[in-house]
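Asker: Following the hints, complete the assembly by docking chain H onto the known chain R.
Chains as they are written, first to last, in the UniProt record's numbering: chain R, 1 to 198; chain H, 1 to 198.
Don't take each hint at face value.
In silico lysine-lysine, PhoX-like type, Cα no more than 25 Å apart, as pairs [unchecked claim]:
1) H:K23 with R:K23
2) H:K166 with H:K55
3) R:K55 with R:K125
4) R:K55 with R:K23
5) H:K166 with R:K55
6) H:K23 with H:K55
7) H:K55 with R:K23
Since the hints were made in silico from the structure, they are not lab data.
Protein chains: 2
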Amino acid sequence: MPIPASLQNLIDALRVLPGVGPKSAARMAFHLVQRDQVGASDLAHALENALGTLKHCRHCNTFTEADTCDICLDEQRNHAQLCVIEMPTDLMSIEQTRSYEGLYFVLMGRLSPLDGIGPHDIALKQLLERASDGQVTEVILATNFTTEGEATAHYVAEMLRARGLKVSRIARGLPVGGELEHVDPGTLAQALIERRGL
Amino acid sequence: MPIPASLQNLIDALRVLPGVGPKSAARMAFHLVQRDQVGASDLAHALENALGTLKHCRHCNTFTEADTCDICLDEQRNHAQLCVIEMPTDLMSIEQTRSYEGLYFVLMGRLSPLDGIGPHDIALKQLLERASDGQVTEVILATNFTTEGEATAHYVAEMLRARGLKVSRIARGLPVGGELEHVDPGTLAQALIERRGL
Numbered sequence: 001m002p003i004p005a006s007l008q009n010l011i012d013a014l015r016v017l018p019g020v021g022p023k024s025a026a027r028m029a030f031h032l033v034q035r036d037q038v039g040a041s042d043l044a045h046a047l048e049n050a051l052g053t054l055k056h057c058r059h060c061n062t063f064t065e066a067d068t069c070d071i072c073l074d075e076q077r078n079h080a081q082l083c084v085i086e087m088p089t090d091l092m093s094i095e096q097t098r099s100y101e102g103l104y105f106v107l108m109g110r111l112s113p114l115d116g117i118g119p120h121d122i123a124l125k126q127l128l129e130r131a132s133d134g135q136v137t138e139v140i141l142a143t144n145f146t147t148e149g150e151a152t153a154h155y156v157a158e159m160l161r162a163r164g165l166k167v168s169r170i171a172r173g174l175p176v177g178g179e180l181e182h183v184d185p186g187t188l189a190q191a192l193i194e195r196r197g198l
Numbered sequence: 001m002p003i004p005a006s007l008q009n010l011i012d013a014l015r016v017l018p019g020v021g022p023k024s025a026a027r028m029a030f031h032l033v034q035r036d037q038v039g040a041s042d043l044a045h046a047l048e049n050a051l052g053t054l055k056h057c058r059h060c061n062t063f064t065e066a067d068t069c070d071i072c073l074d075e076q077r078n079h080a081q082l083c084v085i086e087m088p089t090d091l092m093s094i095e096q097t098r099s100y101e102g103l104y105f106v107l108m109g110r111l112s113p114l115d116g117i118g119p120h121d122i123a124l125k126q127l128l129e130r131a132s133d134g135q136v137t138e139v140i141l142a143t144n145f146t147t148e149g150e151a152t153a154h155y156v157a158e159m160l161r162a163r164g165l166k167v168s169r170i171a172r173g174l175p176v177g178g179e180l181e182h183v184d185p186g187t188l189a190q191a192l193i194e195r196r197g198l
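The following block holds chain R by itself, in its conformation from the complex (with noise of 0.2 Å):
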């Protein structure tokens, strides 16, 4: 095989990021090895930087460069509120709407046993410990509608209310703007079911 090892290497060491095969880490690794060896230094600069700095906040468990991240210390915000996600990307929608002032508890993942993710696998001990803290008096459930995401909300609801802690779920419904008639059924079904009194 005429592929030289370093070379063989790099794109064997591609692999490793989600989504990528045998046939796009070869074209990202010629890429950057003939294209882009700046990009590609800066990437190797920037992984070894992150693995070297990034910790997980000790109160919600979120990527953070100190112990405690700037949510979790700011005072303005409501601690009683805590609302669980999967991935630091859903704080950041969350926080986008600019319609929520509670802490977050971010899982790093979801209960998916076909991929061998159980209850361990996420931080959900951490969870149990930071929502019996005495301040948090509700905790909102915003996994993702997926058939993990809704798992992993049942799994967290079911501990936390036996702890005696208020527990809701975000809703479902039609997307602002939504039409009736392109939306699919399973939403409009719950759209229907979880209607509100005016």
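Answerer: For chain H alone, coordinates are given in the frame of chain R:
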């Protein structure tokens, strides 16, 4: 924005990979930092190792860790034939056929005015020198049958024919096992035009 700087840097750095947009880059970064720190570290090292050791074969321009690649050093091969290809992956594809005994020349790209890649951005000058070594008698153009690959083949053919070299182009036609019913009209038209006497 509640994203630590080192994580944001990693997300930005991943954008250098071809085909990776902001959402994919974020997903990759979280995956690496949360689920595969070993893979992330391996990737950083593989990048630095590849950048440090890979160079271009002085004869055929493919990637190699030595001055000259194994194929160019192989005395058993036909040094009178030179097959011109776009990328090292194409070299691998042709080698896998075990039907070509000559040498290669890798352009490391194709002419693509829309992407700002002109004659001086691929190894055309080096190809001209290589093909004029006195040993090469036939140059086989095996660039892709895309618009850019065809333009490149046309340009290279003009350039080499002006030096009195024999230039050929790999054949277009139906694939092995191909059925007329399922092949696109352009390919079928070419298969008719390029028909061979029996």
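Asker: Hint by hint, where does the structure go against what was stated? Just the numbers, ascending.
Answerer: 2, 4, 5 and 6
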